[in-house]
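With the hints as extra help, turn the sequences into a complete structure.
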Amino acid sequence: MGRIMERTIHGYINTSQGKVAVAESKGGDLDVLFIHGNSTCAGVFKKQFADPLSEIHHFVGLDLPGHGESDDAVNASRTYSRPGLADVCLETVDKLNLRKTVIVGWSLGGHVAIEMLSRSKSIAAILVVGTPPVGDKMADGFRGRPLGGLASKAELTAEEADQFAMEVLGACAEPFVRQAVERTDRRFRPTLLVAAAKGEGANQRSVLGSSDVPVAIINGADDHIINLDYIDSVEYKNLWCGRCFRIPDAAHAPFWQAPEAFNLLLSSFLGHIADS
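Its first residue numbered 1, the sequence shown is counted upward by one per residue in UniProt numbering.
Rather than coming from a laboratory, the hints here were simulated on the basis of the structure.
Pairs of lysine-lysine residues, derived as DSS-like cross-links and limited to a Cα-Cα distance of at most 25 Å, are as follows:
1. K198 <-> K153
2. K100 <-> K237
3. K26 <-> K95
4. K100 <-> K121
5. K19 <-> K100
6. K237 <-> K121
7. K121 <-> K95
8. K137 <-> K153
9. K19 <-> K95
10. K237 <-> K137
11. K100 <-> K26
This is the structure in structure tokens:
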């Protein structure tokens with residue numbers, strides 16, 4: 001996370017699975033928790049924290065265990081899975097005394113958000129980006145092996161770390177993203193893959209097909225990692241506006257690559273939740 005997010009308060013939360021680094025804006029309406037993707041950090045949301053919207057709502061970003069300034073897991077098999085990460089995030093929500101919480105999850109963070117929804121009744125809404133709600137066949141939600149296998153590889157060379165950063169955030173990725181990839185606990189990626197292969201966690205397609213909680217789906221129209229048609233085909237029980245949004249001229253990280261368009265949608269969704 002570093003100190004790259006302006007106008008925020010930085011600190012740490014002690015959880016049962018280690019110390020978690022957090023950054024908070026000073027807004028006071030909804031509590032909005034941002035969860036980053038595999039091998040990155042909360043800093044990827046700095047264009048949202050810099051938006052005036054963060055002065056209206058209370059934005060919270062965290063570094064997942066094994067990432068950024070958070071501790072590495074003591075027990076990797078317990079922590080580095082969708083359920084383990086969801087437990088850490090829910091514990092953070094509780095310790096920060098967040099209420100009417102909206103979860104914004106990107107990529108892996110979106111999977112964690114859906115897992116949180118399946119395990120807690122305290123979530124007001126979720127917004128997921130670059131995240132296929134996978135069912136029994138995880139491969140259906142992706143276009144080939146994610147990042148050509150880098151998403152599950154323990155050790156990455158400097159060149160592979162650069163490639164990882166560019167694949168997820170595009171050519172406009174800043175140096176801190178590559179640094180975040182290199183910092184990630186080497187146990188994280190392979191342990192996460194093993195847990196997913198074992199089927200640990202909820203059937204995410206079923207969760208979003210049965211939950212009354214509002215769900216917003218926003219993707220980049222040019223995302224080459226996930227299967228956008230699959231995401232559109234899922235039967236959602238409470239899909240915001242009744243459709244999945246695709247932001248033009250953006251790929252896997254529209255909040256970074258097209259922040260103005262993304263932030264407008266985020267503002268509209270949060271306004272909808274605040275008024276409901």
